[in-house]
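Protein chains: 2
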Amino acid sequence: MKKLTLIPPNNIIIMDAFWDRYVRLVKNIIIPYQWDILNDKLESVKPSHCIENFKIAAGRVDGEFYGAAFQDSDLSKWIEAVAFSLATHPDKELEKLVDEVVDLIEEAQQDDGYLNTYYTIKGLEYRFTNLREGHELYCAGHLMEAAVAYYKATGKHKLLNIAERFADLICDEFSEDKNSKGYPGHQEVEIGLIKLYEVTGKTHYLEQARLFIERRGEKPNYFMEEIKGPRFEQIFNEFTDYDLSYAQSHLPVREQMTAEGHAVRAVYMYSAMADLAAAYDDVSLLDACKVLWNNITHKRMYITGSIGSSGILERFTTDYDLPNNCNYSETCASIGLALFGRRMAQITGESAYYDVVERALYNTVLSGIAMDGKSFFYVNPLEVWPDNCLPRTSKEHVKPVRQKWFGVACCPPNVARTLASLGEYIYFNESNSIWVNLFISSEANVIINNQEVSISMQTNYPYDGYIRISSNCEKSTMGKLLLRIPDYINKYKVFVDGEQINEIIIKNGYCILELEFSNQIIELDFDISPRIVRANPFVKEDIGKVAIMKGPLVYCMEEVDNESNLPAYYIDSSSDLEEYYDKDLLGGTMVIQCQGKKVRQDEWDESKLYSERKINYEDKTLTFIPYPFWGNRKTGEMVVWIKE
Amino acid sequence: MKKLTLIPPNNIIIMDAFWDRYVRLVKNIIIPYQWDILNDKLESVKPSHCIENFKIAAGRVDGEFYGAAFQDSDLSKWIEAVAFSLATHPDKELEKLVDEVVDLIEEAQQDDGYLNTYYTIKGLEYRFTNLREGHELYCAGHLMEAAVAYYKATGKHKLLNIAERFADLICDEFSEDKNSKGYPGHQEVEIGLIKLYEVTGKTHYLEQARLFIERRGEKPNYFMEEIKGPRFEQIFNEFTDYDLSYAQSHLPVREQMTAEGHAVRAVYMYSAMADLAAAYDDVSLLDACKVLWNNITHKRMYITGSIGSSGILERFTTDYDLPNNCNYSETCASIGLALFGRRMAQITGESAYYDVVERALYNTVLSGIAMDGKSFFYVNPLEVWPDNCLPRTSKEHVKPVRQKWFGVACCPPNVARTLASLGEYIYFNESNSIWVNLFISSEANVIINNQEVSISMQTNYPYDGYIRISSNCEKSTMGKLLLRIPDYINKYKVFVDGEQINEIIIKNGYCILELEFSNQIIELDFDISPRIVRANPFVKEDIGKVAIMKGPLVYCMEEVDNESNLPAYYIDSSSDLEEYYDKDLLGGTMVIQCQGKKVRQDEWDESKLYSERKINYEDKTLTFIPYPFWGNRKTGEMVVWIKE
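Quick mapping for you: the protein sequence lines, in order, are chains A and B. With the numbering used here, letter number 618 in the first sequence gets 632, and the count goes up by one each step, no holes. With the numbering used here, letter number 156 in the second sequence gets 170, and the count goes up by one each step, no holes.
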């Protein structure tokens, strides 16, 4: 089966009212800020030691490894973010910095290709002895992704060669005819190997990714066998009583009917499965992907496109178990969900996958980062009461304020590389067709019938439902433009060169236009009024509550715009949802207001925690802001689901 | 200040419709069942090794210590339960069993009085080197309580002597003029020492208890100093980053304004503080108790009289933070709260304390044990959805089914000793007065003006509000009968010898009757209709919800009497609460029903987790049973707070 292609990042430039502030952050703030952190230059932040670990492994300095076993991946994700940034915004100085880091990485690589500072420093005799915890293959995967991105952006081979040498060693160590039947404890190397295959054409990388996936759930279970090895040493206390479903190795992947275990591991694996299904034309593997996708998106996903209901082990729990104030909802897991969904859309051409991709990107991926680019949420709650987010309690993982950096710092560089690669999410392209998936103002160059077509999209989405797409081509050429009609759009109009299309052809959720790509203007006019959304009543936590959405954006109430004790508010769902643009708020945002009431607290006798007293209410205006922007002002309560 | 006295347990026999099934369980089921467990005789239960540890420490057999560092306390609590049982139900065989165990305990005691199997087996050189985790003083306290109870029940001195020898060693080790300024990491020894003082009159025990309390929060903090000792060895992983408030040693006790840390430790400490305030006439200490009591009961207590909102560290969190489905609410903590409240009532003579004692006993203490006496809740949730009580998730501490025994088995024997000592909770007595605190059918002998008066109480409480108390005395004597009027009673009548009292004198929540104690009959007629109760609106989790109570009993909905998805029910709080006695249900219980509605789930499209669809409802009858009886039938959902 074929996979619709992405537009290379250097062929697209984003210039969007909603996204620009974030995309600009990547280059101007996040990349230099994270570079300082990787180099332990920020006094206010706990040392990362990441570059230092490489220097020690390279023999440049003496010292001990410091940080998590997967610390190396932070540098790879940073390089990947830089690569995507360089693709659209060349910067000689920044490129030189990366080239120097690549030299350091090369020095830290072993003669046989092995590359991991944790095991190099701790003792190479332990390498590959603890796959379930060691994260060597995880770090390898991120290295490969970084190498591919940097090669694509700059054409430079050095990092690609480093990654290939390591990939060759991995293929050698874990190939079909070798003794080791191992596979990664944290999936990611599969994605890296597939990307490496895609740029080099070397099929053994693809085959190794397939092997890693097919081995999961085989009996006897590798993770239970490797702990008997003479050199096995446990790294993480919490894995003493290891649960095979944690890393999705409880069953062969085709037999997994529900999304289980650590959410990030899961969606990274599903993404690789989707790629492999396409590459090998493997229908049963694609079916497995669909089953898992449906389980997540129909039963285990928050309205914000986040996943992982349990703070302990950052994992999926059961169908419809979606607590709002003690969930995990890791930023990285939503990034992984977007990666998975994009691949499913590439393979199936169905827009429904993109409804979820868009939901994840606009809400949880963005909420993961502060508007100044310098602090981050790892956990993305849907309801917060700062006072009870205490250390050493059941809510200790929930932070009411974004943190500058984390001991386990996967999310910040992951957000950076995702924002830097946002262009890749907007379009698909194939022979004579262009798919428009996201509505983000941008300029792109696309190949239609072997001819370059410039596509320009102008919109104020999601604040406004009007989208103008113009094509420009030296020689006119016939082709198709497929416009995604999001599932939340009930009314819309389509115009071509000013003329409204009356008989709209919809297939797989895309409106299909047959066009001559030459100075044509396509206009989409979506009714994107704010709407009231409810959850399936099996979601116990949301019964009797509603959420406000506008397009893909989830809205929330913050204490700073309302009063404290947000759960005491009730919305009058028959009242109008009024919206207005406040140019001074949060750098300019659309605010929604509606009418409701609030429990009167002043009448209650404080000395009676429980009583027969009746409750009275007072009228209130409820004010909502977009969920991704919460926590950028005064610390306070926040709530997405409001009583109806 | 004086403390109203309790009636000795051998002077009271309970014969009560509501309680008898439990009290009988203690003697017939729980005591023999727990004896088998202590001796590792039950194959279906994880070994306790408790008796085996004593045999090893005594040198009778060889072996290693097994179990938690505080395993010894299980035996002491069992002995205490047996002692209370023997006080009212003499049993030669059972007494012989205890005497044999006492011999074993004596053999395990060191020459200098030290007695703890964990440290005796692990190495006595480590004793008292890790007070914050070691639990030696905690176990010592339970030994003292057991010894006092067994001495009172049987008049036998042997166990009392063992306890005194250990107490003398403790006083010697930790007295004012010794180097060690230590105090227990888990409070309990203070209660034991005070009880030992009360039966022996030896004031150095009382003084040592006072010292232990006064030292908490002193700077430098002992728990931070002792870890520097050459023999300090950490026992529990979770204490790596020790939080001083965990064991209430963050501040001097008089400066503690809020209940913090591990809930059981807290209420055991407050109980000792109350005792010490009375013994030393210490007003500031009593004031501290009042502040802490009010903080708990006005802001940090569940409607079921349970405490400890966080599963992690079993601790208090913040004011009004009372989540219903991931709370800890340990059975032992409610036992401790009842012990604290009873002492406060003894000192102040105020009935308000007993409103809480009664709430804790009728709800959480009872819910801690199955109706067959063989399985136990450690954690007492107010809302359960069995599917999501998964191991290795944020709800792993919540069990939808009572467990046979626990690795940390504090609760089962604690429930046993509490039920066995229930008689102690019913009355207070002083010179010419009797306080009636609980309404439990029983026969008691009380001393009024140095004369023995038989008091007989007959009631079907809490199912019925009618209480008949008759006194019988050889020679008539004048005195006072003080009848507690619970805070939930709005209407009631009082009769003396058939004549209604029109001008009722109420003081401190007690109705005071001046009586001639000679064949008099006092009748109380409470209106104890079921009622709808709401929580202070600052309790975010309960806003928009109500609970049903009848007298002190909290009611709950179980799936088995209703349907699944209990949070989808709404109560019509204007409908009548109808009650009926079902003699076949749960051994006979009062059931409450009322009208309401339920969200229609069948209309929802399963493939849409979130949509704009409106919600429809269907009419339903809601059925409630007493909270303490939940989980005694088919496993299923349970909920206390219902949407209004």
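There could be a bad hint or two in this list.
The list makes no distinction among identical chains, and a pair is therefore deemed to hold if it is satisfied within one copy or across any two copies.
Below are the DSSO-like pairs computed for lysine-lysine, each with C-alpha atoms no more than 27 Å apart in a straight line [said to hold, decoys possible]: (1) K304 x K16; (2) K634 x K657; (3) K170 x K418; (4) K507 x K60; (5) K418 x K242; (6) K69 x K106; (7) K559 x K313; (8) K136 x K17; (9) K559 x K628.
Hints are computed from structural coordinates only; laboratory data are not their basis.
Hint-by-hint comparison with the structure:
Within a single copy, K304 and K16 get their C-alpha atoms as close as 16 Å, which meets the 27 Å cut-off; across copies the closest is 73 Å, which misses it. In this homomeric assembly, K634 and K657 come within 27 Å of each other (Cα to Cα) both inside a single copy, at 13 Å, and across copies, at 21 Å. Taking the shortest Cα distances, K170 and K418 never come within 27 Å of each other, neither inside one copy (33 Å) nor across copies (65 Å). In this homomeric assembly, K507 and K60 never come within 27 Å of each other (Cα to Cα): the closest approach is 52 Å inside a single copy and 68 Å across copies.
Within a single copy, K418 and K242 get their C-alpha atoms no closer than 40 Å, and across copies no closer than 33 Å, so neither meets the 27 Å cut-off. Taking the shortest alpha-carbon separations for K69 and K106, only the intra-copy value of 24 Å comes in at or below 27 Å, while the best inter-copy value is 77 Å. Both within a single protomer and between protomers do K559 and K313 lie at most 27 Å apart by alpha-carbon distance, with minima of 17 Å and 26 Å respectively. Proximity of K136 to K17 under the C-alpha cut-off of 27 Å is found in neither arrangement, the shortest distances being 42 Å within a copy and 65 Å between copies.
For the homomeric pair K559 and K628, the shortest alpha-carbon distances inside one copy (21 Å) and between copies (11 Å) are both at most 27 Å.
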